[in-house]
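Start from the sequences, fold in the hints, and give me the full structure.
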Amino acid sequence: MRMNVSAEPGGAVLRPLSARSVVLSLLLGVHPPELPVKDLVRLVEPFGVGGSTLRAALSRMVAAGDLGRTDAVYRLSGRLLARQRRQDDALHPRTRAWRGDWEMVVITATGRGPAERAELRARLAGLRLAELREGVWLRPANLDRELPGDLARVALSYTARPDGSPLDLVGRLWPLDSWAATARNLLAQAADARRPADRLTAFAAAVRHLLTDPVLPPDLLPADWPGESLRTAYAGYRGELAASVGHPE
Numbered sequence: 454m455r456m457n458v459s460a461e462p463g464g465a466v467l468r469p470l471s472a473r474s475v476v477l478s479l480l481l482g483v484h485p486p487e488l489p490v491k492d493l494v495r496l497v498e499p500f501g502v503g504g505s506t507l508r509a510a511l512s513r514m515v516a517a518g519d520l521g522r523t524d525a526v527y528r529l530s531g532r533l534l535a536r537q538r539r540q541d542d543a544l545h546p547r548t549r550a551w552r553g554d555w556e557m558v559v560i561t562a563t564g565r566g567p568a569e570r571a572e573l574r575a576r577l578a579g580l581r582l583a584e585l586r587e588g589v590w591l592r593p594a595n596l597d598r599e600l601p602g603d604l605a606r607v608a609l610s611y612t613a614r615p616d617g618s619p620l621d622l623v624g625r626l627w628p629l630d631s632w633a634a635t636a637r638n639l640l641a642q643a644a645d646a647r648r649p650a651d652r653l654t655a656f657a658a659a660v661r662h663l664l665t666d667p668v669l670p671p672d673l674l675p676a677d678w679p680g681e682s683l684r685t686a687y688a689g690y691r692g693e694l695a696a697s698v699g700h701p702e
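Here this note's numbering = 1-based position in the sequence shown + 453.
Take these hints with a grain of salt, some might be off.
To be verified - Computed Cβ-Cβ distance ranges for the label pairs, DEER-style:
1. Ser618 with Gly501: 34 to 42 Å
2. Arg508 with Ser618: 54 to 62 Å
3. Leu609 with Arg648: 44 to 52 Å
In case anyone wonders, no lab produced these hints; they're calculated from the structure. C-beta atoms are modelled at their ideal positions from N, C-alpha and C, and glycine is treated no differently.
Written out as structure tokens, the structure reads:
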């Protein structure tokens with residue numbers, strides 16, 4: 454079963470961002486992730502979001518727990534701080550030399566409902582693992598990280614070295630050609646965009662796509678893999694946003 458599939462297939466037309474998405478894109482791209490409302494009013498205007506629309510969106514986001522507010526300063530909530538950390542990791546993945554070993558996680562918990570199973574699957578995919586068959590997840594052991602300790606409550610983890618070609622196994626786990634086609638399409642859309650709203654929409658899709666990059670060892674990637682080009686382009690754009698809000702990176 455192939456995992457790490459992006460929501461935007463190659464050549465897809467990107468949908469315009471809502472006021473909420475514009476605010477989140479701005480806050481997710483700055484450190485610390487907080488801005489005064491007067492700066493938000495100035496910053497969202499080029500993206501077609503008016504002041505009254507912004508204030509209504511901010512009120513809904515505070516009520517939903519997306520944002521916290523102190524006086525006139527809005528900041529990301531704890532849940533969205535975790536999302537920012539994932540985006541930062543997608544931009545600067547920590548890797549190590551690959552020596553042929555694979556991480557393998559085997560689900561051992563039983564009796565879980567559909568929601569719990571879906572949550573666990575999403576979590577494992579977020580760890581850049583892919584499902585070989587139901588309950589068996591793996592990836593090359595080239596990420597410089599430890600698996601979360603609480604996974605031991607629902608799964609066993611191993612270091613494995615499968616027989617056969619690692620390239621063939623990678624081809625079973627990830628749709629690399631599709632991922633690369635989407636990445637190239639996003640790069641083209643970002644380069645062609647002229648309006649600020651179009652650029653933000655393209656780069657918001659780019660960072661979502663980077664979250665699904667399997668970050669494989671170079672020897673297991675197709676030629677001309679566009680992952681690094683997409684990271685570089687998004688990093689440049691995030692630097693522009695950070696400078697515009699007075700938080701240069």
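Do the hints match the structure? See the list:
no., hint, result
1, Ser618 with Gly501: 34 to 42 Å, "violated (50 Å)"
2, Arg508 with Ser618: 54 to 62 Å, "holds (57 Å)"
3, Leu609 with Arg648: 44 to 52 Å, "holds (51 Å)"
Hint compliance for this structure: hint 1 alone is broken.
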